[in-house]
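Visitor: Whenever a hint applies, use it, and build me the whole structure from the sequences.
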Amino acid sequence: MYDIILFDLDGTLTDPKPGITKSVQYALAKLGIDEPNLENLVPFIGPPLLKAFKEFYHLDDEQATLALQYYRERFATVGLYENAVFPGIKTMLAQLKRQGKILIVATSKPTVFSIKIIEHFGLQDYFQAVIGSNLDGTRVEKGEVIEFALSELDQVDSSKIIMVGDRKHDVIGAKNNGIDVIAITYGYGSLEELNEAEPTYIVNTVQELHDFLQAN
625 MYDIILFDLD
635 GTLTDPKPGI
645 TKSVQYALAK
655 LGIDEPNLEN
665 LVPFIGPPLL
675 KAFKEFYHLD
685 DEQATLALQY
695 YRERFATVGL
705 YENAVFPGIK
715 TMLAQLKRQG
725 KILIVATSKP
735 TVFSIKIIEH
745 FGLQDYFQAV
755 IGSNLDGTRV
765 EKGEVIEFAL
775 SELDQVDSSK
785 IIMVGDRKHD
795 VIGAKNNGID
805 VIAITYGYGS
815 LEELNEAEPT
825 YIVNTVQELH
835 DFLQAN
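Each position in the sequence shown, counted from 1, maps to that position plus 624 in the working numbering.
Bear in mind the hints are in silico, worked out from the structure with no lab data behind them. Hints should not be assumed to be uniformly reliable.
Claimed, not checked - Result set (DSS-like, lysine-lysine): computed pairs, CA atoms no more than 30 Å apart in a straight line:
#1 714 <-> 678
#2 675 <-> 721
#3 654 <-> 799
#4 646 <-> 675
#5 714 <-> 654
#6 799 <-> 675
#7 675 <-> 641
#8 721 <-> 784
#9 641 <-> 740
Small disclaimer: the values here were computed from a predicted structure and weren't measured.
Guide: So this is what it looks like as structure tokens:
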């Protein structure tokens, strides 16, 4: 049985697509890069943004840092709330909480933004902690976030802990920390991406996730 469940935020608990893609579009525009198609910006959902700007638009360190600054200009005030909780998530969280499971958010999104999102949607009572990255650019890799989350727990039996996420970063981060991981396909990672990362389990819907966590 899993007593402690770590949840990714973007693409796992909520659908942040409008807020993230529009904020990336805004940042690129401030750098003189025109990207009219928001679908091209979907890969920004999940990975650390500084790395994503470098990888997807070949920005150097200075440009990527500036892009992240511009992104946050919009995201902190508008994009944060262009978001929605996936149907069935609240019901699942409430049931798991009633069962006595410890629930934690573990995300590469800055903690300050993550807490605002969780509180905006009234999810704060379900979680013991919300752990994300720091605004200064530290603790941005998912493995680092998970490592910190585990260090904050009294629980030392890693077999009782599981991570839930929608991207390869979640799977790799969990495996690097010696815990099991459920990859979900209703988020933003393709089945191919997730299979290549070799998660412990794969589920396709919120209901399947609910059923699995309730039974295990």
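Visitor: Does each hint hold? Answer for all of them.
Guide: Hint check results:
1. 714 <-> 678: Outside the cut-off at roughly 35 Å; violated.
2. 675 <-> 721: Violated, at about 35 Å.
3. 654 <-> 799: violated, 38 Å
4. 646 <-> 675: holds, 18 Å
5. 714 <-> 654: violated, 37 Å
6. 799 <-> 675: It holds: about 21 Å lies between the C-alpha atoms, which stays within 30 Å.
7. 675 <-> 641: holds, 18 Å
8. 721 <-> 784: Roughly 16 Å between the alpha carbons, so the hint for residue 721 and residue 784 holds.
9. 641 <-> 740: This hinted pair holds, its Cα atoms lying about 17 Å apart.
Violation of the numbered hints given earlier is confined to hints 1, 2, 3, 5; the remaining hints are satisfied by the structure.
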